[in-house]
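S.K.: Here's the letter readout for the chains.
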Amino acid sequence: MKKSVFLGTLAATALLAGYASAATLDDVKARGELNCGVNTGLVGFAAPDANGNWQGFDVAICKAVAAAVLGDATKIKYVPTTSETRFTALASGEIDVLARNTTWTFSRDTDLAFTFTGVNYYDGQGFMVKKDLGVTSAKELDGATVCIQTGTTTELNLADFFKVNNMSYQPVAIQTNAEGEQQFLAGACDAYTTDASGLAATRAAFASPDDYIILPEIISKEPLGPLVRQGDDQWADINRWVLNALVAAEEYGVTSANVEELSKGTDNPEINRMLGNEGDLGAMIGLDKDWAKRAVSASGNYGEIFAATIGESTPIGLARGLNAQWTQGGLLYSPPFR
Amino acid sequence: MSDLHSESVAFVRDTMLTPQSPPASQAGAIKWLRENLFSGPMNTILTILGVGIVVYLVNLGLPWFLHSVWNANSLAECRSAITATWGPDAHGACWAMIRERWSQFMFGFYPNVFYWRPILALLLLFVALAPILFAEFSNRLTIAGGVVAALVVWLAASYGEWLPVGILAVVAAIAGLLAVQGTKWPHNLIWFPIVYAGIAFWLLWGGSIFTPIAALAGIVVGWLAFRILAPIAGNIVAVTAAVVAPVLWWYFGSEPVIDLLSRALPRVEPFWLPPVDSDQFGGFVLAFVIGLTGIAFSLPMGIVLALGRRSDMLLVKALCVGFIEFIRGVPLITLLFTASLLLNYFLPPGTNFDIILRVIIMVTLFSAAYIAEVIRGGLAALPRGQYEAADALGLDYWKAQRLIIMPQALKISIPGIVSSFIGLFKDTTLVVFVALLDPLKGITDAVRASIEWKGIYWEPYIFVGAIFFLVCFSMSRYSMYLENRLKREHR
Amino acid sequence: MATFADTPKANFRLGMLIYDTRYRSVTIQIVVLFLFMAGAAWLLNNLFTNLAERGKDLSFSFLWYRAGYDINQTLIPYTNDDTHFRAMLVGLVNTLLVAFLGCVAATIIGVVVGVLRLSSNWLVARLMTIYVEIFRNVPVLLWILVTFAIFTEVTPQPRDFKVTDQMIAEGQEPAASMLLFDSVAITNRGTFIPKIVYSRSLGEIHLGFLPISIDTLLVLASIVFGVLVFRAIGNNATKVQEATGVRPVTWWKRLLALFGPLLIVLVALGFSLQRPTLGGFNFTGGVLVLNSFMALWIGLTLYTAAFIAEIVRAGILAISKGQTEAAYALGLRPGRTMNLVILPQALRVIIPPLISQYLNLTKNSSLAIAVSYMDLRGTLGGITLNQTGRELECMLLMMLIYLVLSLLISSGMNVYNNAVRLKER
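Chains as they are written, first to last, in the UniProt record's numbering: chain L, 1 to 338; chain G, 1 to 491; chain S, 1 to 425.
For the record, the hints were derived by calculation from the structure and aren't laboratory data.
Glycine included, every Cβ here is placed at the ideal spot set by N, Cα and C.
Do not take every clue at face value.
Here are the computed distance ranges between Cβ atoms for each label pair [what the hints assert, rightly or not]: (1) 55(S) with 235(G): 45 to 53 Å; (2) 318(S) with 44(G): 24 to 32 Å; (3) 407(G) with 320(S): 50 to 58 Å; (4) 51(L) with 271(G): 28 to 36 Å; (5) 31(G) with 318(S): 52 to 60 Å; (6) 136(L) with 113(G): 52 to 60 Å; (7) 83(S) with 136(L): 44 to 52 Å; (8) 207(L) with 113(G): 35 to 43 Å.
Assemble the whole structure, with the sequences as input and the hints as a guide.
M.R.: Here it is, written out as structure tokens:
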């Protein structure tokens with residue numbers, strides 16, 4: 001009899017099985033929920049708070065997309081992914097969009113058949129060392145033991161950097177940040193390397209952050225961005241333009257506080273077009289007129305999100321740097337809404 | 001002779017000496033010490049070594065435990081509290097983190113208004129298992145029942161829900177009715193865990209109550225098919241029908257019925273619970289769900305595999321051996337990766353079912369292969385006479401297995417089976433490698449990713465390890481008790 | 001002819017396929033075979049449909065691409081310019097190393113603990129029970145992590161060994177110092193031990209991917225030769241003793257035979273030990289035994305040893321008390337009773353479950369990545385998988401390798417099991 005119970009469960013699961021088709025937008029709307037792949041836990045970018053609500057910079061992207069598509073920023077199923085499972089989860093349709101600090105690389109875009117919909121954070125790999133080590137440049141790290149968090153492009157960048165500079169090193173590739181930190185604090189590695197944002201977050205949580213310095217060298221380009229499956233251009237467009245809307249909103253001074261008021265009409269036609277007061281851009285991507293308004297009101301424009309999750313007022317204290325608007329010397333540059 | 005003797009002896013004692021207390025070295029604590037700790041040079045060395053290790057470990061860990069902080073909102077607050085109380089060089093434990101994130105460690109992201117549902121499922125588990133676990137102690141059973149009832153009422157009161165009390169009342173009513181009728185506890189209640197599985201599924205995942213009822217109805221359908229067909233068409237046909245009929249019911253019959261019933265009745269509590277997606281499971285709820293489901297399904301599967309492996313049918317045997325050896329030959333994490341990465345390749349395009357379910361299936365298969373080997377050992381240990389006696393009585397294969405072989409073989413295999421279960425429960429921590437939030441690494445690292453608790457290291461590990469120890473240790477103790485209870489041979 | 005074939009056919013009814021026990025098993029097997037084939041065909045069909053849909057192919061050519069990442073423990077030569085295949089081999093060798101050493105150490109500790117649990121020493125027996133229960137009932141992943149963290153916390157950093165001029169002037173001792181005449185340094189990165197160098201090295205021969213040092217071969221050959229001569233002299237002495245009743249004095253000959261060839265070879269090769277010295281960030285020279293290796297090794301060993309201890313204890317308890325009493329009656333001391341009488345008999349009970357513990361240890365070594373030990377899972381199933389995105393190929397290959405490994409171990413141990421099994425006459 002018990003055997004048939006087992007079979008029964010299998011049968012029941014087959015009933016529960018969902019299907020992912022080419023039109024992700026329709027799936028998401030039908031489901032009433034956005035499946036968003038996030039990190040299992042990365043300070044400032046994605047982490048659950050004490051009540052189990054996911055918070056962070058990457059999470060805010062999910063919220064904006066959900067708000068634009070479904071009209072409700074809470075209709076999200078967060079799917080934690082590891083560096084091994086993230087691409088499979090996206091490719092198999094388990095998630096609709098992956099917002100997990102993933103570096104935009106050639107092979108991921110082409111060979112793995114994904115579409116990066118933009119860059120939400122320009123990062124780069126850096127090094128952190130103890131101050132009393134007396135090292136001021138990464139080029140002085142010849143012979144050092146370096147702790148790496150695996151599963152990213154980090155190992156390759158590190159290997160390349162030491163090769164180019166003709167130096168040797170001892171890699172300690174650790175899977176989770178917790179173990180890496182513990183090793184680094186105990187002095188088991190001389191340097192700790194990961195994306196500069198991660199270094200800053202890690203350093204901020206040390207008992208005595210001032211004893212550690214982040215070296216000036218940034219050895220790689222890490223444009224981190226959300227990605228979707230290749231072949232569904234409409235869905236890719238939605239994600240791309242939600243991100244662009246957040247960036248443009250900051251540029252034009254649209255914030256979560258004034259978006260309601262501005263959407264009634266302004267002098268700036270660009271804002272009017274974006275917020276649906278003029279023309280109907282939403283219809284071109286299969287959404288309604290207010291999509292951008294909802295995206296911005298979900299957790300604010302790009303600048304607000306940055307300030308609330310990883311900016312200088314938070315313990316992580318990241319400066320805008322490359323992630324400032326192009327008008328402020330950064331790289332954020334949204335194509336025009338027309 | 002005696003005269004001669006008495007004359008030849010110079011002194012005859014006529015009063016006995018007053019008994020003396022034994023020498024200090026032969027009594028009390030010193031004797032015990034000498035016998036148990038310092039009975040020889042080797043033992044003395046071992047004792048000193050042992051004391052040394054204990055002292056070293058206590059020295060290493062005790063100050064840290066003594067300097068514990070229980071009330072704080074972040075690691076930084078903990079650190080400053082420790083510095084303020086015990087000086088700048090002191091290190092201390094920050095248990096405040098466990099306090100603040102307690103519910104996450106226990107329930108993961110389960111909605112907190114529904115915490116009563118997994119708790120109730122756990123309490124009902126004890127109710128469901130009690131008749132089987134403690135068959136011989138009806139008085140203890142009463143006490144345990146009282147405790148569980150009190151807990152359920154407390155649960156209901158604290159969450160303002162009357163459903164737990166309702167379920168409990170129904171269970172108590174059924175149990176009472178059966179007791180009045182004089183039903184023997186363990187034997188006639190085999191169906192109890194099956195019903196429990198339905199209730200637990202409904203409590204944990206929510207949705208319409210008719211889903212589990214329809215699933216359970218499949219078993220009834222199978223049973224009916226067997227009962228009706230067995231006299232008419234013979235056993236083989238009846239068994240086939242008993243397998244096919246439920247499958248047909250589950251595939252075609254159940255869905256419209258569920259739909260109809262859930263539409264007919266309002267979406268309120270006794271018929272409908274707000275659904276909870278399995279991605280909200282985490283922490284110990286996840287570990288228990290995976291562990292217990294795995295345990296429940298791997299035992300019958302293991303028995304079937306073990307029988308298959310000992311079968312005379314070459315092909316069946318080859319398949320079973322191949323399956324068992326394959327599963328036992330690869331690490332569990334590769335199977336978990338298969339569940340997470342590869343299953344999508346092997347299922348029809350677009351199929352995408354629940355990751356937790358996929359993991360449960362893999363864990364069950366893994367554990368079943370091990371249990372099959374344990375049971376095979378038990379079967380091999382049975383004297384041949386038992387098989388021959390069963391044949392001599394004219395029992396067919398299944399009857400012989402059910403009445404003669406399995407009860408004995410399973411009894412022999414109990415320690416092995418329970419240690420497989422313990423292994424399975426411990427292995428639930430590996431699901432972190434496929435991004436499920438298990439308590440040991442998953443929840444811990446997620447908590448560490450919050451700004452408040454970043455940098456905390458030992459406390460969550462110690463806490464989670466202690467809970468795992470408690471659960472696994474009790475399981476192993478229970479298996480020892482069961483072994484003694486079932487011991488029939490006299491030594 | 002025709003009548004012969006027809007006779008049984010006439011009696012055969014279709015129902016017999018089900019009701020006749022002679023045919024039933026055939027029927028069931030055919031049904032099973034059919035179901036199995038159908039299932040396999042279904043899975044394969046899905047696989048190819050899915051692959052086609054995603055525009056992927058089942059190709060292992062990525063194994064020959066440049067790996068591009070570094071591995072911290074390479075027993076066979078490897079640089080980041082080598083292929084993924086070679087990285088996989090490096091990982092495999094690392095897995096084998098930790099599995100082999102883990103099995104050896106776990107057996108030793110397990111037997112000792114299992115015997116000590118039955119010791120008459122109250123404290124030791126209790127301590128061993130506590131050890132076994134604590135280690136058995138907590139997930140192995142936690143033990144590996146804990147061992148790693150403890151290793152890192154209690155051992156000194158390399159810079160603690162540093163002696164500066166200022167410290168000499170102030171008469172301070174460094175926080176940590178090297179052991180065994182400044183030849184071994186235990187740090188929280190690993191233990192640095194002296195390296196054997198030959199000043200007149202004979203070079204290497206390349207055996208496929210594996211370079212083998214001729215020096216090492218020579219040294220091994222001289223040791224084997226020495227042992228053979230050592231035994232030959234001993235046997236000869238026994239023969240002389242049996243013939244004449246007097247055993248010739250041979251101890252110096254035997255010693256010479258044992259160590260002479262080795263010494264000659266070592267001197268000829270210009271043998272010396274290169275001590276690790278502190279320079280820059282790390283010790284240089286010498287051999288580094290990584291802490292991640294040590295942690296994984298010790299964590300797995302202690303965990304598995306707890307299980308082996310229980311197996312050993314059960315094995316000893318299974319031997320009837322009469323055996324012990326008989327041994328005592330023969331005048332054997334408790335230690336010799338255990339070694340010569342009880343353990344050899346208990347071994348028969350112990351071996352089969354021991355095999356599965358060895359398998360478990362080998363499989364559990366795949367948790368290595370948690371402590372940064374680059375085993376098969378870390379290279380092939382970790383970085384290679386991540387870099388190439390070939391999860392299907394990587395996972396299948398990894399499962400295949402582990403499967404072969406497990407089957408090899410269990411068949412090897414089964415051979416041994418058959419050798420020590422009770423020979424019934």
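S.K.: Work down the list of hints and note, for each, if the structure agrees.
M.R.: A quick look at each hint next to the structure:
1. 55(S) with 235(G): 45 to 53 Å: holds (52 Å)
2. 318(S) with 44(G): 24 to 32 Å: holds (30 Å)
3. 407(G) with 320(S): 50 to 58 Å: violated (27 Å)
4. 51(L) with 271(G): 28 to 36 Å: Holds, since residue 51(L) and residue 271(G) (Cβ atoms, about 29 Å apart) stay within the stated range.
5. 31(G) with 318(S): 52 to 60 Å: Given a distance of about 32 Å, which is not inside 52 to 60 Å, the answer is violated.
6. 136(L) with 113(G): 52 to 60 Å: holds (54 Å)
7. 83(S) with 136(L): 44 to 52 Å: This hint is violated: roughly 37 Å between Cβ atoms.
8. 207(L) with 113(G): 35 to 43 Å: holds (37 Å)
In summary, the numbered hints that this structure violates are 3, 5 and 7.
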